[in-house]
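As given, the protein sequences belong to chains A and B, one line each in that order.
FYI, in the numbering used here the residues of the first sequence are 241 to 520.
FYI, in the numbering used here the residues of the second sequence are 31 to 277.
Since the hints were derived computationally from the structure, they do not count as laboratory data.
All figures in this text were calculated on a predicted structure; none of them were measured in a lab.
Honestly, I wouldn't trust all of these hints.
Among the chain B residues that face chain A by a calculated CB cut under 7 Å, a handful are [stated by the list, open to error]:
#1 37
#2 48
#3 73
Ideal Cβ positions, reconstructed from N, Cα and C, are used throughout, including at glycine.
Read off the chains here:
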Amino acid sequence: MPEVTVELDHAGKRYGRIDALQSIDLTVGSGEIFGLLGPNGAGKTTLIRLLTGSTAPTGGSVKILGRSPKSVRSQIGYMPQAPALYEDLTPRDNLAFFGRAHALRGLNARVEELLQFSKLRERGDDPVYTFSGGMKQRVSLACALLHRPRVLLLDEPTAGVDPRLRADFWKHFRALAADGATLLISTHQMDEAMLCDRLAVLSDGVMLACESPKDLIHRGRTTIRVWRGADVNVTKVENYRESLPVTLRQYNLDASVTRIEIEQDTLDQVVLRLIEARHA
Amino acid sequence: MLERMRAVARRAARQLAHDRRFLGLSLVAPLLIIYVSKAALNSLNTGFFDITRFVVPVGAFVVHFITYILCAIVLVRERTAQTLDRMFVNGYRQADIIGGYVMAYTCLATVQSLLVLTALRMLFHLTYALSTLLSIYLIVWLLAVISICLGIFVSNFARTEGQVFPFIPLVTVPGIFLSGLMIPVESLPRWAQWLSHITPLYYANQIIQQLIRPGSALVDNLPRLAALAAYGVVVLVLAMSTLRESA
Chain A
241 MPEVTVELDH AGKRYGRIDA LQSIDLTVGS GEIFGLLGPN GAGKTTLIRL
291 LTGSTAPTGG SVKILGRSPK SVRSQIGYMP QAPALYEDLT PRDNLAFFGR
341 AHALRGLNAR VEELLQFSKL RERGDDPVYT FSGGMKQRVS LACALLHRPR
391 VLLLDEPTAG VDPRLRADFW KHFRALAADG ATLLISTHQM DEAMLCDRLA
441 VLSDGVMLAC ESPKDLIHRG RTTIRVWRGA DVNVTKVENY RESLPVTLRQ
491 YNLDASVTRI EIEQDTLDQV VLRLIEARHA
Chain B
31 MLERMRAVAR RAARQLAHDR RFLGLSLVAP LLIIYVSKAA LNSLNTGFFD
81 ITRFVVPVGA FVVHFITYIL CAIVLVRERT AQTLDRMFVN GYRQADIIGG
131 YVMAYTCLAT VQSLLVLTAL RMLFHLTYAL STLLSIYLIV WLLAVISICL
181 GIFVSNFART EGQVFPFIPL VTVPGIFLSG LMIPVESLPR WAQWLSHITP
231 LYYANQIIQQ LIRPGSALVD NLPRLAALAA YGVVVLVLAM STLRESA
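Modelling step: build the complete structure from the supplied sequences, incorporating the hints.
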């Protein structure tokens with residue numbers, strides 16, 4: 241049983257009359273990659289800010305490693321949505337500055353290691369404002385990893401990053417999780433969400449679902465098309481694991497069947513349906 | 031804590047050094063304003079009107095004005111770029127951030143005050159003794175440091191750089207009308223006399239008016255100097271206690 245590192249107990253956040261988050265119950269364990277999905281304004285960033293201790297919950301409680309987030313900040317790595325870098329300084333300067341806050345031993349060596357990781361060693365002395373969006377994201381991620389935190393809170397870490405580098409990022413995320421780190425990642429990319437161990441779907445500050453990507457997809461519908469020559473028979477089923485064999489049996493699959501197509505809802509469609517169902 | 035404060039100071043100073051346009055403007059702008067004010071003050075110098083009591087306080091006002099605005103904007107920029115958030119999450123605290131900024135911007139204010147006083151001396155042919163000039167320099171420098179704290183304090187109430195602008199007249203206009211710079215404080219209505227204490231220029235102007243009188247020395251103005259320093263401490267404490275993480 242992995243150690244619980246992130247714990248929200250009926251956590252809520254209210255800004256004036258707006259409920260940014262409503263009574264969220266959530267636990268995330270060490271070694272887990274947990275994804276946050278939802279449209280803009282769903283409450284993903286607010287949830288991450290509660291976990292960084294940047295804002296206090298107006299209801300319930302938020303704990304990291306069993307304590308208040310502010311008291312364990314040395315164990316938290318945070319990558320905000322914006323690059324949040326000093327653009328007139330170099331990546332080396334930025335890394336050294338954020339590293340000094342943790343009084344890291346061997347800071348220079350760690351900075352070089354992270355420049356290597358982010359493939360920016362050759363550009364290490366160029367000002368950040370000369371970088372592309374993806375390069376800034378790489379520096380920003382490196383800043384979050386500096387002190388080898390046990391909990392990583394990443395707000396859309398791969399926005400603007402090219403596919404090859406994204407794959408590298410995710411390889412590294414997996415390696416960090418394998419070492420026991422907890423990663424909480426907000427994203428709009430469904431292919432990335434599929435790489436998470438569990439996902440929470442948020443909409444209007446409410447958690448609509450919290451399960452593995454596979455289980456979420458299981459909530460979707462499966463469309464079965466069976467052709468007999470030019471005639472096509474279409475059936476839509478839910479809970480395909482149970483209902484697919486039953487449905488196929490009904491078709492009496494004999495030699496007259498010329499083609500079968502089975503199409504499952506994508507994660508995107510499942511998430512959209514969850515959100516629409518809430519608004520209906 | 032001191033190590034983290036020095037890290038913030040070093041980083042802010044490095045940013046200043048890299049942003050040559052910002053640095054150039056913050057040093058040249060006060061000189062341009064001084065030059066323009068010379069033209070205005072010279073037109074008043076008709077023999078019936080003694081401009082000497084205005085010259086140094088105007089210079090002090092210019093330093094106060096520029097330092098205050100620059101510092102307020104830079105801190106708001108930190109907030110909008112989310113670097114302030116990142117600093118806090120990384121473990122920097124209010125005292126580290128404000129202390130670091132005061133350290134870095136004091137270097138700028140030191141050069142700025144020196145340039146302004148040199149310009150005043152040359153343009154207005156000031157013939158004060160060296161000890162008087164050094165005392166005036168100390169007051170202008172102290173005012174600049176206080177203006178840094180004031181800029182940081184005010185930045186805590188603005189979420190965007192645009193929101194800083196309404197605060198500019200709120201701080202600088204009382205400085206012009208209530209500090210005794212233009213109108214003697216004694217001739218103001220009682221409520222305005224009381225209000226004059228909220229501007230640091232009031233304390234600085236009081237000392238400067240004494241210092242430019244023949245035979246007056248800084249040691250004769252220690253209570254006023256203490257009042258100016260106390261004002262600085264109050265603003266510093268206010269800035270530290272109001273610097274918040276979230277917008």
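Tested hints:
no.	hint	in the structure
1	37	4 Å, holds
2	48	4 Å, holds
3	73	42 Å, violated
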